[in-house]
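Protein chains in written order, with our numbering: chain Z, 1 to 118; chain R, 1 to 174; chain F, 1 to 713.
Treat the hints as calculated values from the structure; they're not laboratory data. Glycine included, every Cβ here is placed at the ideal spot set by N, Cα and C. Errors might be hidden in some of the hints.
Partial list, computed: chain F residues near chain R (C-beta under 10 Å) [what the hints assert, rightly or not]: (1) T668; (2) A671; (3) G672; (4) V678; (5) L679.
Beta-carbon label-pair distances, calculated as ranges [to be verified]: (6) F/Q657 x R/V66: 37 to 45 Å; (7) R/G91 x Z/R105: 20 to 28 Å; (8) F/L651 x Z/N114: 21 to 29 Å; (9) R/G91 x F/Q657: 12 to 20 Å; (10) Z/R105 x R/M110: 44 to 52 Å; (11) Z/R105 x F/Q657: 20 to 28 Å; (12) F/Q657 x Z/M86: 33 to 41 Å; (13) R/V66 x Z/R105: 22 to 30 Å; (14) R/S3 x F/L651: 58 to 66 Å.
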Amino acid sequence: MGFMLGDILESLGQPVGLRHCLVFAALLFAVGLYGVLTRRNAIGILMALELMLNAVNANLVAFWRYGPGPREALNGQVFAVFVITMAAAEAAVGLAIILALFRLRRTVNADEVNLLKG
Amino acid sequence: MGSVVFYFFAFAALACAVIVVTSRHIVRSVAALFVCMAAMAGIYFFLSAPFIGAMQLMIYAGGITVLLIFAVMLVRRAAGGQVEHASRNPGGAIVVVIGFVGWMAPAAWMAFGPRQMPPVEPRVAGVESLADDLIRHYVPAFEIASVLLLVAMIGAVVLTLRAKQREGPPTDDE
Amino acid sequence: MDLLSQHAYLIAVLPVLAFGAVLLLGQKAPGRGAYLPIAALAIGTVWSIYLCARIHSGAALPQGRLLWGVGSTGFYISFLVDGGGAAMLTMVCSVALLIVIYSQGYMRGDAHYSRFFAYLSLFSASMLGFVLSSNLLLMFICWELVGLMSYLLIGFWFHKPEAARACKKAFMTTRLGDLGITLAVVALYHEAGTLDLRVIFEKVAAGGLDTPMAFWIAMGLFAGAVGKSAQFPLHVWLPDAMEGPTPVSALIHAATMVAAGVFLVWRTFPVFAATADYALMPYCAPFWVALIGGFTALFASTMAVVQDDIKRVLAYSTISQLGYMMLALGCSALFAGLFHLLTHAFFKACLFLGAGSVIIGTHHVQDMRKMGGLRVKMPVTFWTFVIATAALCGLGIPGVVGLSGFYSKDAVLAAAKVAEYPGEVAVVLYGFGQVGALLTAFYMTRCVMLTFMTSPRDAHVFEHASETPRCMTVPLVVLAAVALSGGWAGHALQGFVEDHPGYRIESAESWLAEHGQATAALEEAQARAEHQAHRFVELVSFGCILAGVGLGVALYRGGPERADALARKPVLALLHLVLVNKYYLDHAWAAFVRVVVRFEIALAFVDYWVVDGIVRGVGWSTLRVMRWSWAFDKWVVDKVVEAFAWAAGGLGEVLRQTQTGSVHVYMTVTAGVAVAGVLATILGSVWVFAGLFGVCVLGAAGWHAALVGRRTV
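With the rest of the complex left out, here is chain Z (with noise of 0.2 Å):
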């Protein structure tokens, strides 16, 4: 595999380089679907996905930042900047979503919403 202890530690001393940057982004995506998976709370959920919207968004930018050409690779800062219009407007009718349930059944958690069962 060519993937041990010792390599992490060296590339610590290393400079910052765009596998950091990946690996960073995997990790703080990782965590926020570690959140999205446990949470009960609905309100928990959103933001452990706004984890990981923020970890694409590292990705992008990093991938802009170590890319070919910094005219070609432009693109990942306006892929940034269209993740976080769109993680906006997912905030703004997430929590929407979240009230006007919360309004319905007194409740935010979301393993207490099973009209799915079978």
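Use these hints to put chains R and F onto chain Z, whose structure you have.
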């Protein structure tokens, strides 16, 4: 020196993210999310994307976090002060997460060699070039994104609008 | 046509309304139910007198159609008032009016006082409808309604077993005759294609009916008339019908309903006349009418001689007089028959009401043997009774003047005398009538003697006897007045009934034109009889009446003892026995009924053991087959279906476990599958990838199914 900045922000972001997904107090989660977003903005600055970093601060740290706080306060008030915020069923999630990290991190690590940060031309990385790109090459996407925002705004308003004349306990079709 | 003529049918409708109102209101109706019928009948009386005047003045006959039938069937409700009809209407309305007034006194204190008046009202309505109708169907309906009301009124005191038996007997006996009329109506519709009398008569006049058919139709109609008018074989119900209240006897069993049979023959006479070919004796319908009528006239009067119940004397007298009417009709003397019907209605109603007055005055004594000398106690009843008796006997001074019966009965006898039947037959018919007249004078004299003259035989009855109230005596006086003077209107009535260009006469005339010779001779003979035979008949009748009255007075001057002694003489004793037992006719009928019942029992036996046995056998075997079929269905077909259902249900039970409804589970599975899929690709194991892909597809399908199910539920 640059590495230290990156690691500082990265560890801060990760630590805060862990707090966000594990804390039993939802307000604490939101606060951690705020710090996490700010740390992310630092990373963007570090990556020579000041505009994205600024947006991150404004939208995430400023807007979305405030929005979340409002939501938390509304729900807490209506639910009588306490909001259930415990985690559940972490076993399956841990397996999945370990699977993800165990695949993604080595893959990223191995796919891209030790690459130095290329020098960035200030003009290219600046707001002007970004704006030029957005308006020139990505106008349709830009317009669609703005429409999306508008729709989300109206949708949020409609979803949260309370029926005024309705009386009695809420029913399923409300 | 003026408004009153146009709506002449309302004469019959008004009593129906009165009936409904009294039935609904009960005791709360005006006069406890008496006033509404009285008002309806009073209006009807005035109205029908007006109609008479209109017709007399030569106006068009009142007629009209009220309801159209289905298609061209000719079943519709239509009415027509000709001269005879108008006279009948007047008679029915006025007699019914007087009797309803009288009933107020007679029925006083009865538990079902108002219902009685409701019944009387509906009866009058049916009778009027019968007279008004110009369609055989409506006539038949009214005919049956009249029979029904007769049943209800005879059995009005249904708690008396005799009354209950009598009403059943009356209904069943008349029903036997109604069988004939039903067949006749059906046959007539089959032959003529319509039941409209005018159309039928036109067809008959045009020779549309062949003789045997017309004969059987006529005999069917006559069978109905025999039942309703209590003629010879079917007369047995009328004496028993005296169990009903006396006003009922007066109205239904003397004046109107029993006259319905006569009126039916009178109305449909063109059908009878179509067979009046005397060369073919057995197929000559009028001959049978005359024979039955003449025989009944004599036959019933012999039985009246030995009756002790005052109402039964009058009942047999009524049968006898109805026989006279039939005799007249059978001799083609239509007017004589109708005339006798009208006069008889008044004097017989007067006699019955007088008898009712006696019954009330003596506190429900009907046996004449317990009466006697009542003329002192009940003078009004006595004098009206005597006048009506004289009218019934046909008393009068020949060639000068007489009571109403004098004119009508002599007209009947004269018609019989001159009837164009072969020699002996005509003599026999006339003899029946003449001997009957003698007996009539005798038994009526006996009745008057035993009831009012002689000395009181039962001191208790005599002591407590008293004259009846005003509302009962006034109708008596009115009826007696009509009985006294009714005959004087005979000539006017004859012109009125016969000369008017009504449909019936029109048809008869065209029929006469058609059948030339024989009827011309008949016409001539009738004209001859008017001038020559009438005087002879009057003289003979006068002699008979004097003889009858004289014999009666002589025998019963001192009470019934002398007559009783006479009845114990050897030959007379036998005769007396036969008469008291009504010629054993009731026994004969009972035997006949017993035979019929035996036959029916035998039929029931066959039905039960043979027909039912076959049916039961088929049913039993069908049941067996069905059991097997059922078992196959239950254990094979059903089990297969159930197995499928069970399999589907079990599979669903297993699969639904995957649908937790928890978003966490879904997300975990989704993320896990995605990660595992990517890992598998990287590791290069195609089989693992394929397996995971299958899991993905299954998961997506399950999810989709869950969504769809949710939506539909």
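Each hint, compared with the structure:
1. T668: 5 Å, holds
2. A671: 5 Å, holds
3. G672: With a minimum Cβ separation of about 5 Å from chain R (threshold 10 Å), the hint on F/G672 holds.
4. V678: 6 Å, holds
5. L679: With a closest approach of 5 Å, the F/L679 hint holds.
6. F/Q657 x R/V66: 37 to 45 Å: For F/Q657 and R/V66 the Cβ distance comes to about 43 Å; the hint holds.
7. R/G91 x Z/R105: 20 to 28 Å: Holds, at about 27 Å.
8. F/L651 x Z/N114: 21 to 29 Å: 22 Å, holds
9. R/G91 x F/Q657: 12 to 20 Å: Holds: the Cβ-Cβ distance is about 19 Å, inside 12 to 20 Å.
10. Z/R105 x R/M110: 44 to 52 Å: 47 Å, holds
11. Z/R105 x F/Q657: 20 to 28 Å: Hint holds: Cβ distance 24 Å, inside 20 to 28 Å.
12. F/Q657 x Z/M86: 33 to 41 Å: 36 Å, holds
13. R/V66 x Z/R105: 22 to 30 Å: With a Cβ separation near 25 Å, R/V66 and Z/R105 satisfy 22 to 30 Å, so the hint holds.
14. R/S3 x F/L651: 58 to 66 Å: Roughly 60 Å apart at Cβ, these two residues keep to the hinted range, so it holds.
Against the hints set out earlier in the document, no violation occurs for any number.
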